[in-house]
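Participant: Given these sequences and hints, build the entire structure.
Residue numbers (my numbering), protein chains in the order written: chain A, 221 to 521; chain B, -7 to 259.
Careful: at least some of the hints might be erroneous.
[Claimed, not checked] Incomplete in silico selection of chain B near chain A, CB under 8 angstroms:
1) A107
2) G117
3) S120
No wet-lab data here; the hints were simulated from the structure. We put the CB at the ideal spot given by N, CA and C, even for glycine.
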Amino acid sequence: MKFKNIYLILFASTLVVSACKKEKLDANSVFVDSTIEKNPLDNYIYNNYVLNYNVDILYKYVDKESSLNYNLLPASYTSSIRLTKLFKYLGFEPYDEVTGSKIFIKQYFPKLINFIGSAAYNNNGTRILGTAEGAKKITLYEVNSLNATTGVNPDFLTDSYFHTIHHEFQHILNQTTDFPSSFQAISGNTYVDDIWSTVWGTGAAGNGAALAAGFISPYASSSAKEDFAELYSFYITLSAAQFNAMLNVTGSTAAGRTIINNKLIAVKNYMLTVWNIDMDVLRANIVNRKANLATFDQTSL
Amino acid sequence: MKRNYYLLLMASLLFFAACDKKKDRIFEDSPTVRLNAAVANAQTVLRSKPNGWIMQYYPGTNAPYGGVNLFVNFTSATDVNVQGDYTASNVTSSYKVYPGAGPILTFDTYNSILAYFAAPGAITGLVSNDGGLGGDLEFLVTKADADSVILKGRKRGTLIVMVPMPSNPATVIASYKAAWQAYYAPNSYRFETSTGNIPLTFGWFMELESLTDVYSFRVTPTGIEFLEPVTVNGITVKELTRKPAAVGYPNGYYDNSAGTLKLVPIF
Chain A
221 MKFKNIYLIL FASTLVVSAC KKEKLDANSV FVDSTIEKNP LDNYIYNNYV
271 LNYNVDILYK YVDKESSLNY NLLPASYTSS IRLTKLFKYL GFEPYDEVTG
321 SKIFIKQYFP KLINFIGSAA YNNNGTRILG TAEGAKKITL YEVNSLNATT
371 GVNPDFLTDS YFHTIHHEFQ HILNQTTDFP SSFQAISGNT YVDDIWSTVW
421 GTGAAGNGAA LAAGFISPYA SSSAKEDFAE LYSFYITLSA AQFNAMLNVT
471 GSTAAGRTII NNKLIAVKNY MLTVWNIDMD VLRANIVNRK ANLATFDQTS
521 L
Chain B
-7 MKRNYYLLLM ASLLFFAACD KKKDRIFEDS PTVRLNAAVA NAQTVLRSKP
43 NGWIMQYYPG TNAPYGGVNL FVNFTSATDV NVQGDYTASN VTSSYKVYPG
93 AGPILTFDTY NSILAYFAAP GAITGLVSND GGLGGDLEFL VTKADADSVI
143 LKGRKRGTLI VMVPMPSNPA TVIASYKAAW QAYYAPNSYR FETSTGNIPL
193 TFGWFMELES LTDVYSFRVT PTGIEFLEPV TVNGITVKEL TRKPAAVGYP
243 NGYYDNSAGT LKLVPIF
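Facilitator: So this is what it looks like as C-alpha cells:
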C-alpha cells in the first residue's frame, strides 16, 4: 500500500511540474501593424475625440466592425470630416456645456463610432440608418449623404444622424441606471412589440394613429425602453415649435397628447434626478447650435 | 499490487509520449512571421509600379456581369488613384493591406468608381435592392510579384488579376477607354457562324446574353477577352479581335483568328 502511494505521488508530482512549465508571453502582438502616416482627420480624431472623450471614430471601413450581412460602401473622406466635426458640435458639446465638463460623455458615451457611407439595405428596400451595440459602439450609416448643402440643413442632420445618436445614448444611460417602472405603467399593455412598423399604417397617417394612442412615433410603441428613448431624443433635438407640431399632426388626439405629456414628465424627471440634466436647458443649447449651423466651420481640421 | 505498479508505469509512459510536441515544420518560419512577410511583400509590390496596375475587375459571384479594366495606382502608403475604361472619372481614395487569412487589400474609403460595383442595388438600380452587381472592395492577395498580382474577392470569391501598366499610361488608358466606347455604343449584338446566328442583348451591365447563355468578358484595345473560354455553335474561343468596317459590316465586327466566329454590332 505504502509502496503504491509513493509511486503515485512521485508520478503525480512529475505531471504537475511539467504542466506548470509556461512560456513567457510577449507583451507585443505577433502581428506587426504597418505604420501608416496619419492624415489631418486622423490627427483631429486623436486630439479631439480620443484624448478628450476616450472615444474613437472609425471612418475607414473595417470589416469586422461592420455587418457582413449587408453590402456596404465605405464613408468618403470629405463627408467623414463633416460628420466628425458636426458630431462634436451637436452631439458632445451640448452635454459638456450643460454638465459643465467633458467627464459625462467620457464616462458614458459608447467608445467606438463607426461611419458607413451607404445605408444598410434589406432585400425589400427598407434600410437601417443607425445601430448601437451594447454600450460599446454606435454605427452611423449614409454618411456620404452629407455635403455642403445637407451639412447646413438642421432637419436633415437631426433626421439622418442626431436623432439616432441621442436615442442610442439614452439607452446607454438607461442601462447604467434604469428609469422608474412607473414610466412603463403609463402606456402599460398597449406596447405592440415587433408589429410597430405595420400596426399604425404607413406615412403621416401612421404617425397620427400612433400619437392618438399616446406614442410620439410608431417605433416608440414597440417597447417602454424605445418609447423612453424616442421621447427623449425628439424632445431635445427639436425646437418647441417643431415638437408641438409633431404632437398635433393630423390624426392625433388630446387624449394621446395627455399620455405623451405624462410620459415626458417622467423622462424629464429621470434626467434631472439621475443625471442632473435639465432637458429644457439641453434642448435650448442644441436648438441654438442648429440655428448657428451656417456659421459653423465643418470642413477645416 | 504488482499489477498496479505496471499499470502506473505504463500510464506514465503514455503521458510522456503525449507531451512530446516537437514536430517537423514544413516551413522554416512560424506562420506569424510568414504572414507578416507576406503583408510586407504585398504592400511593397503594389507600390513598386510608378505607373500603377491594370486591374481586370469582375464584379459578382462567378462574374456574371462582365468585367472592366481599372487603372489602379498605389501612390502612397495610404492613397490609391483609380480610373476605369467605362468612366471618365478619376478618383483618389485610401487603401490598406493588413493580415487576415493572408494579406488583405482593402479599399477603405469611398471611391465612386469601385462603389458603382459594390453599391447595393437600392442605390444603383441594378440587380437587387440589397445585392447590386456584387463587386468586392476587400481582397485576399493570393499572389504578388513583379509580373502580376492575383486577388480573390473576400465576399464573392471572384479572382481578379492585376498586371503592370506599361510605361505610357495616358496613351494606354485612352486606348482602353476608346475600345470600351466602341463596344458599348451599339444597341445589341449577334454571333455569326456558318451554322447560324445567335442574337445577343446587354444584361445588367456590359455582359452579353443569348436566350440560354451569359457571356462575360473585358474589352481590350485589340478586341474582347472572355473570362473563360466559351463555345458558340461548336467553336471555342477565348479572345475576339476587333476588325474595321467591311462590306456587309458597316460598323466593323469582332472575330476569332480563324474567322469562323463573328460578333457583330447592331445599331
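Participant: All hints, please: hold or fail.
Facilitator: These are the hints, each one checked on the structure:
1. Contact between A107(B) and chain A, as hinted, is supported at the beta carbon level, the nearest pair being about 5 angstroms apart and thus within 8 angstroms.
2. Nearest Cβ of chain A to the Cβ of G117(B): about 12 angstroms, over the 8 angstroms cut. The hint is violated.
3. The interface hint given for S120(B) holds, since its Cβ lies 6 angstroms from the closest Cβ of chain A, which is under the 8 angstroms cut-off.
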